[in-house]
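**Student:** Sequence:
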Amino acid sequence: MHRFYTEERIAAAGQLITLSREESQHAARVLRLRPGEEVRLLDGGALWAATLETVDEKAAQVRVTVECPSPESKTHVTLWQGLPKADKLEWIVQKATELGAWELWPVEMERSVARVGKAERGQKRCERLERIALEAAKQSGRAHVTRIWEPCAFAAALERARAEKPDLLLVAWEEEHALPLSRAVAEFVRERGVPRRVTVVIGPEGGISPGEQARLKEAGAVSVTLGERILRTETAGLCAMSVLWGALGEM
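Going by our numbering, the sequence shown opens with residue 1, and the numbers climb by one from there.
Just so you know, the hints here were simulated from the structure itself, not pulled from any lab data. Accuracy of the hints is not assured; some may be wrong.
[Claimed, not checked] SDA-like, lysine to any residue: derived pairs with alpha carbons at most 20 Å apart:
#1 Lys138 with Phe188
#2 Lys74 with Phe188
#3 Lys138 with Thr51
[Stated by the list, open to error] Pair ranges (Cβ atoms, derived):
#4 Asp56 with Arg128: 20 to 30 Å
#5 Glu22 with Lys165: 33 to 43 Å
#6 Arg215 with Ser182: 34 to 44 Å
As the structure is a prediction and not an experimental result, all values here were calculated from the model. Glycine included, C-beta positions come from ideal geometry on N, C-alpha and C.
When you get a sec, could you build the whole thing from the sequences and use the hints?
**Tutor:** Given below as structure tokens:
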């Protein structure tokens with residue numbers, strides 16, 4: 001089923017939605033769809049079934065028919081990703097969105113090779129990452145598009161985490177060997193129920209420094225291990241999310 005994104009929030013079945021020029025061109029030129037074909041609409045909050053009424057390269061129109069069951073988890077997961085080098089972040093954004101991340105924070109940490117760039121360059125990069133997240137959300141049938149924050153420094157991310165107060169703040173740290181992530185989640189669920197908000201901290205290529213680990217612990221973070229094997233930074237976050245969903249019975 002082909003999926004399209006609309007910035008217009010859908011209120012109810014029967015609503016007529018005009019697709020953006022870009023989405024209209026995709027429907028007409030690339031997919032070569034015809035009036036009467038069924039599609040799905042993603043408005044950032046819900047997923048809707050709809051029928052194409054007109055196919056136009058500039059302004060295709062679809063009629064909303066019914067709201068689809070939400071594929072989103074009741075647990076909102078934020079992936080705090082230590083800023084990686086090169087194009088690794090784009091791959092992480094794509095795959096984390098497919099796996100159901102609610103938000104993704106690229107964070108410059110002490111051992112990051114990559115650094116936060118100038119404001120204009122950073123804005124353009126963020127826009128590209130947002131586009132990647134949107135396409136991944138459409139492809140994977142999400143109802144929510146993962147929010148991609150602009151890259152920030154460790155201190156700013158830590159302050160944000162303190163303010164948001166997730167139910168569970170997990171740090172994948174290579175010095176931790178006793179507590180597997182799956183057990184940490186299972187213990188939380190047993191004692192307090194299913195968490196509504198979880199933040200998972202993944203270090204950059206060089207890992208998390210002892211100083212950063214100490215500050216995260218002061219903020220209430222729980223150190224966890226992802227196993228005996230050393231994972232690359234672009235693998236660790238996706239592995240952690242998969243284990244998390246498995247522990248919550250969603251995968």
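**Student:** All hints, please: hold or fail.
**Tutor:** Evaluated hints:
1. Lys138 with Phe188: Status violated; Cα separation ~32 Å.
2. Lys74 with Phe188: holds, 15 Å
3. Lys138 with Thr51: holds, 17 Å
4. Asp56 with Arg128: 20 to 30 Å: holds, 27 Å
5. Glu22 with Lys165: 33 to 43 Å: holds, 38 Å
6. Arg215 with Ser182: 34 to 44 Å: violated, 25 Å
In the structure shown, a violation is registered for the earlier hints numbered 1, 6, in ascending order.
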